[in-house]
Amino acid sequence: MLSAILTLGLMGLLAAVALGLAARKFAVETDPRELALVEVMPGANCGACGYPGCGGFAKALLEGKAMASDCSPGGKEVAERVAHILGVEAVAPEPEVAVVLCQGDNQKARVKYLYQGLRDCVAAQALAQGPKECPGGCLGLGTCARVCPFGAIEMTAEGLAVISRRKCTGCRKCVGACPRKVIAMTPLHAEVHVLCNSHDKGAAVRKYCDIGCIACHICAKTSPGAYRIDNFLARVDYEARQSPLEAVPKCPTRCIRDFTQGYPEGSRFAPPVVPLHAKDAAPSP
Amino acid sequence: MKSSAFSGGVHPQDFKQFTASLAVESCPLPEELVLPLVMHIGAPATPCVEVGSRVKKGQLIAAPKGFVSAGVHASTSGEIRAIEPRMHVNGSRMQAMVLVPDGEDAWADGLEGAGPNELTGDDIRDRIRAAGIVGLGGAAFPTAVKLSPPEAKRINTLIINGVECEPFLTADHRLMLEEGERVLDGIEILRCLLGVDRAILGIEDNKPDAIAHMDKLCRKSVVEVKALPVRYPQGAEKQLIFAACGRTVPSGGLPMDVGVVVQNVGTAAAVSDAIRKGRPLVERICTVSGPGLVRPANLRIPIGAPLSHLVKVCGGLRGRTTKILAGGPMMGMAQAGLEASATKGTSGLLIFDETAAQLRPEGPCIRCGRCVSACPMRISPTTIAAYSRLDMIDAAEQNNAMDCIECGCCSYICPAGLPLVQSLRYARGAIAARRRRV
Chain A
2 MLSAILTLGL MGLLAAVALG LAARKFAVET DPRELALVEV MPGANCGACG
52 YPGCGGFAKA LLEGKAMASD CSPGGKEVAE RVAHILGVEA VAPEPEVAVV
102 LCQGDNQKAR VKYLYQGLRD CVAAQALAQG PKECPGGCLG LGTCARVCPF
152 GAIEMTAEGL AVISRRKCTG CRKCVGACPR KVIAMTPLHA EVHVLCNSHD
202 KGAAVRKYCD IGCIACHICA KTSPGAYRID NFLARVDYEA RQSPLEAVPK
252 CPTRCIRDFT QGYPEGSRFA PPVVPLHAKD AAPSP
Chain B
23 MKSSAFSGGV HPQDFKQFTA SLAVESCPLP EELVLPLVMH IGAPATPCVE
73 VGSRVKKGQL IAAPKGFVSA GVHASTSGEI RAIEPRMHVN GSRMQAMVLV
123 PDGEDAWADG LEGAGPNELT GDDIRDRIRA AGIVGLGGAA FPTAVKLSPP
173 EAKRINTLII NGVECEPFLT ADHRLMLEEG ERVLDGIEIL RCLLGVDRAI
223 LGIEDNKPDA IAHMDKLCRK SVVEVKALPV RYPQGAEKQL IFAACGRTVP
273 SGGLPMDVGV VVQNVGTAAA VSDAIRKGRP LVERICTVSG PGLVRPANLR
323 IPIGAPLSHL VKVCGGLRGR TTKILAGGPM MGMAQAGLEA SATKGTSGLL
373 IFDETAAQLR PEGPCIRCGR CVSACPMRIS PTTIAAYSRL DMIDAAEQNN
423 AMDCIECGCC SYICPAGLPL VQSLRYARGA IAARRRRV
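Residue numbers (this note's numbering), protein chains in the order written: chain A, 2 to 286; chain B, 23 to 460.
Source of the hints: derived by calculation from the structure; they are not laboratory data. Don't take every hint at face value.
[Claimed, not checked] Here are the simulated DSS-like pairs of lysine-lysine, each with C-alpha atoms no more than 30 Å apart in a straight line:
no., chain 1, residue 1, chain 2, residue 2
1, A, K113, B, K334
2, A, K60, A, K168
3, A, K208, B, K334
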């Protein structure tokens with residue numbers, strides 16, 4: 002009995018000494034600021050900054066490679082805190098959100114062929130450029146929703162990706178994942194968008210989509226200066242001073258959407274009740 | 023010598039009865055021919071004639087760009103109406119030259135052939151390159167590149183692929199039966215060019231007439247005709263090498279690593295035309311078949327003939343068309359319509375009605391391992407597919423996803439109807455993209 006206690010006790014003591022020595026000898030020096038930086042970051046490890054996770058971003062900051070404002074999910078708040086730790090001036094990034102520039106779900110847009118296979122947009126796109134007639138529309142198989150680290154993208158029952166303007170942090174993961182480049186980064190204050198991504202001529206768009214842009218120029222005439230029509234596709238000019246609002250009800254195919262009035266059909270996201278640029282004041286999730 | 027059998031493979035019903043006994047008929051000229059600048063593996067060809075110019079049959083209209091590339095020749099005489107994006111059999115719109123035939127079908131001047139022993143090896147290689155010849159089995163790899171092995175690789179065997187293991191297709195079968203002399207001449211040219219004394223012509227033994235015919239023709243030459251057991255994918259390059267001469271191409275390697283060059287019988291015939299008659303590759307034999315077609319046929323088509331034209335020549339569609347494939351049913355490319363045109367690699371056009379092509383509901387994997395036993399490359403499709411679905415590209419690569427030849431055996435055999443080949447293709451695409459980035 003006694004010998005057992007002694008033996009185990011001695012072994013424990015030896016191991017403790019060895020561990021203590023090893024901890025001293027092999028200690029890795031870390032900059033205390035690195036830990037502090039990781040502490041203030043959102044911790045999503047989304048990679049939006051271009052570095053491997055929040056730890057990688059902290060390291061890059063200390064090495065002077067990254068800017069305090071490079072963390073788009075963190076927004077203004079994180080940029081300020083990071084700047085404080087590093088002792089530099091805070092430059093608030095222009096907040097952006099991702100928008101799916103399409104409303105052509107399975108009800109509104111025609112399909113080219115019946116697709117059966119992997120539920121993945123990249124795989125479907127490899128098969129004759131995707132099952133949709135429209136060359137630019139959302140395929141609706143949810144690749145973007147799966148890569149979103151913030152759960153900000155929902156797939157409607159009819160196969161359309163919709164991005165929540167509250168949950169989106171602007172990390173751009175979905176933009177990189179979408180094989181059809183239908184997701185665009187837009188300034189957060191812009192609430193009106195042309196939700197179409199087809200550069201085909203109006204007659205062609207009409208054939209395959211009920212809600213696509215037919216480049217009729219009515220928006221540009223109704224709200225002069227607020228829209229640009231480029232290669233048969235209208236876009237809101239986000240830099241313009243003119244308001245694009247007046248043209249929204251005039252669009253014959255209703256492909257211009259004012260997000261303060263609600264999300265595309267089928268989405269369960271509640272429409273933003275407060276003006277969207279008030280988001281900065283809202284507590285971050 | 024007894025042939026070795028590769029491991030794995032499947033036995034799909036061959037459906038060759040539709041066209042196996044039908045002689046090759048020539049296809050009338052369509053209203054327009056669409057010749058994509060990419061009909062081969064490698065860099066796109068560059069147009070070398072202007073829109074509106076008149077061209078003769080066999081005239082070079084787009085020159086190869088770089089070593090791994092192939093030129094495009096006018097498949098009949100006429101006028102170049104446009105150079106614009108057109109639907110390609112691969113499903114995307116790609117730059118193509120639109121040729122409107124003038125109906126005369128007049129050959130260009132100065133196309134002269136050469137007799138045996140008139141040309142040196144380099145001349146022959148240059149002529150093959152100038153003729154725009156690519157592998158006619160389906161992959162369409164430029165033939166001249168395959169025939170230029172680096173010094174370090176010693177080639178001692180030429181294998182000619184007359185297997186035609188895809189169901190429905192009978193183009194190579196009919197070619198061997200009707201134009202065996204031309205095939206044999208092409209084989210002899212290739213054999214002399216490579217300087218090898220051993221040439222093996224592999225034919226699957228569901229074509230006894232072709233085996234007997236070629237055997238008779240080859241009696242005077244050193245070409246050995248070998249009957250191979252019927253099993254898909256017997257005609258895949260690595261499987262054929264193993265079956266014909268017992269050599270195993272290492273993972274990630276090429277046939278030349280084991281001293282072998284493989285060419286298709288159609289390619290051999292095209293080589294014969296290029297050398298003996300000086301004619302570039304402007305036509306091929308294409309099997310237009312399937313239960314959804316009024317009159318299946320083996321057609322000698324001008325390259326660039328629209329698929330809709332081929333269907334029209336074969337009497338039109340029958341029943342409710344549900345699936346269209348360019349190529350064979352195992353590896354062919356599904357088409358969204360008949361808008362595309364036949365390329366150099368289009369060995370078949372298959373039309374299925376609703377009785378033949380049905381959507382199979384997808385079930386869960388039951389770990390039966392049939393895909394593993396069927397895989398001729400000895401990889402584990404179900405494992406790689408699982409990694410592919412989870413986007414674990416590293417793990418897929420470690421499980422040798424890049425060895426996959428996309429033969430389709432795993433998807434064919436899967437009782438759950440899982441899209442295994444598609445998963446593997448997805449993983450291969452991701453791995454290749456990452457390798458390009460690094």
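Hints, one by one, checked against the model:
| no. | hint | result |
| --- | --- | --- |
| 1 | A:K113 to B:K334 | 22 Å, holds |
| 2 | A:K60 to A:K168 | 27 Å, holds |
| 3 | A:K208 to B:K334 | 26 Å, holds |
Hint compliance for this structure: no hint is broken.
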